[in-house]
Amino acid sequence: MILNTDSMKPIYVQIAEWLEGEILSENIKDEERIYSQYQLAEMFTINPATAAKGLNILADEAIVYKKRGLGMFVSPNAKQFILTRRKSQILGQMIKELVMEANRLEVSKSELNGMIQQVRRENEEE
Amino acid sequence: MGVIHGVDLTKSYGKLKAIDHLTFEIEQNKITGLIGRNGSGKTTLLKMVAGYLIPTSGELKVFSENPFNSLEASANSILIDDTMTFSDSFTLVDILKEMTPFYANWNSSLALGLFDYYSLNPKQPHSNLSKGSKSTFNSIIGIASRAPLTIFDEPTTGMDSAARKDFYRALLKDYLEYPRTIILSSHLLSELEGILEDILLINQGTKRLHLPALELKELAVGLRGNAQAVISFVEGKKIIYQEDFAQGSLYVVLKRELVQQQLEQIRQSGLEVLSVATDDLCVYLTAKTKGGIDDVFKKG
Amino acid sequence: MNLSAMNFILLPLMILIIVIVLRDIMPFIRTKMSGLFTWKRSFICAGLYLGILVLMVPILYVLPNEGFIKVSNNGDQASTLSQNVLSDLYTNKSNLPLDLDKQQGLYKTSTQTFKTDTKKLSFNLDPNFNPPLIFVERKAVDDGEINVSTYAGTQSVGGIDFTKLILPPAMSFRNGTLSFQSNNRQVLDLKQFNADVTVAQFKNGILGSIQSPSANFGFGQVIYLRIPKSLELDKGAYSDQIQMISGT
Amino acid sequence: MSSKKVSLMSISFKQYSYKLRAHTGLLNRLLLTQILALLLSLLGTSSMGAGSGQLSVTVRSYSANMVIVFSILWVMIVAVLLTTKPYKQIEMPLVGNRLTGNLSDVGLLMTASVFAGITSTLGGVLLRDIMYFISDRSTMAVDGFFLTLTDLMFGMVVAILCLGLVSAMGYFIGVLVQANKAFAILIPVATIGALRVYTHLGQSVVEFYIGNVSLLLFALKVMITSIILFGVSMMVSHRMEANQ
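Chains as they are written, first to last, in the working numbering: chain A, 1 to 126; chain B, 1 to 300; chain C, 1 to 248; chain D, 1 to 244.
No lab work stands behind these hints, which were simulated from the structure alone. Possibly wrong hints are sitting among the right ones.
[Unchecked claim] List of simulated lysine to aspartate or glutamate pairs, EDC-like, C-alpha gap at most 16 Å:
no., chain 1, residue 1, chain 2, residue 2
1, A, Lys53, B, Glu218
2, B, Lys173, A, Glu42
3, A, Lys96, B, Glu264
4, C, Lys115, C, Glu145
5, B, Lys207, B, Asp82
6, C, Lys119, C, Asp234
Build out the structure end to end from the sequences listed, making use of the hints.
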């Protein structure tokens, strides 16, 4: 992954999201050791403090936990937790914006639903 | 723990104050970016830190010692800039060997490894190098020296973008392996922002900001939209930058903390809430006058 | 002495050339050949240079001390001596005949023997010739031979005795006439090695090292003739220069 | 991170060893200068002539004087050059301070003086060897040709001392000029002025150093003067900023 420095999102948030993605795709499984801040710093050419902050976001949400002297490990049910949270927060926020944009473009409720159905169908066909 | 302490530091050349009552502290084993526009006093400050120049007034301590003419400070620091000169008696590889006895932590294998990687001509004298190759070569010395205080003054001048990326990556990797205090000066923040921990922004010899790089990104917020609506929200607040955007439209930049509570409200009133690119923010913070280049044309 | 004035012009000129070499040509060469003169190569050059110079010392000491002009440290004395001898000869004061060969201050430059069958000896001297003194001694016997010896008085410049380098006058004998022809003007280019100023100042003092050495010059040549007992002598126009030495 | 203690002398020596190799360009110039001076010396340095009627005699004197004088000029130029910005700039990437820079310069100048003193004196030997083979010995005075080893050693020591003294003067002048450019005009003006007012000044200064016959006394005078000159140079440059 290449970080997008111009993005609105701070780099550490991008790091946290990338790590969540790794957990979601089960590249890192439950109870497995997650990358250290130094590994992350080297992987993404970022300052280790930035990487640490990304890890801290996950730690704050208990997605990872610290084992003394051993590093950070993925919590049990981390994947489930991420899925739930993303559904409620990220998807919720996106839908909010989607609805706002639809309103601005004067798209009716049924029209919007139709468009969503359409995209889902297309994805299923693929 | 701080490695460099500056208190009320001033350096003047005649009437011109290159550094003007600057108080700052650089912390140990952090990568700090010294950001400022051309002529903002970056080089003067770094040369004082490296012990080349005497402060006109104020106090400066590096490793708790006055760096000017200090052997101790010199042994623990290195300043890499484009004025570094080497005798034509030395080939590039000679120079790398010659540096070895001076710097206690010098990493020869790293120096030669980087040298090979950049495929510079080992038999060439330093004075014949192109600007970019010179910067590249000098940066090898800076990285390999592993000086407890390593200072780079505009290290990527003339380098192509691939070489810049390689430099930042090499510096970071060696920093991870061997943490030390590093100062990087640049007029351009964006490309090195990622590897920085702290940012010291100076303008006309004075400090504008000194904060962790992570905070800079969230320091300011931009509001764009209907001029009246924007004004109603920012009334009475200190505006960092403002620009007439389109007919009846206004773009303002101000500290995020001033409007943090109102952000939701602002969004709902149809204004765009934008994050401000750090580079732009630096430009706004170091602008000599209010407004931008556009004002020149308006008046004309 | 005008040559030392030339040196005064030459030295600043050389310094100027050096300055030009250092100032203008060197940077040009340096940019052209930068990278060529690495410190290793320069050290090798300097080492070789020093090595060669050091090697020159033993070479100097094994060079045979031959063929040089011996410098007489009593050149002035010898010169005075020769003058005295000659004036004695001229005024006929000395006990003669003298063995000039053994006389200090005189150096025999040539000897020649001519057979004569005439009864009379006449002379022919080149008018361009700085007139030499001719001494004539009658031998006790009639052997029909004229023995000619030429001598030169000690000549030295700055202690360098170059008497031996002086060419004898060219002479010929035909039909009872002994002719002396002038050589072309003889030019001698002498060389001497001086101590460097670093050493000289301690030996002679700063002024002593600059002082020019003395020259003893010009006391000309002497021709000594030994003629058969009964040979008639015709001094001709040269009676001033020809001096009979009365034998016993 | 505690900073390591560094020794002044060890850094000075490292700088000296660095500069020795960095400034080989100056060494090359010495060789060039000496070879040129040697070639000129083959012409003979001073001559006198005399003539009488049939005979004209010139005596050419040969010695290493020109090589020595040129070497002295060289060391003077080197000493001044070392204080100038382009030469000081090569210290910048190195560990050190003003003092180590000065000490290493002094070391360099001493080395230069020793090398130039030995080579210029030996130049006289080379000159003799060359003359032996290329010139007619029957016109060459033997006196002074075979240098004694003592004279050779003596000459070297004196040459080295002279070169050292001149380098100290050059360095001192260079430092003064760097401290204040006005000295570039002031020094020549003052020198010429002093020589005008006290006509014998030059002579008495020369007399002071070489107007005695004891090598030991000469060496002592030269060394003390050099130490004073270098010492003052160091004090003057102590507060000077690098790379201004």
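Tell me the numbers of any earlier hints that the structure contravenes, in ascending order.
5
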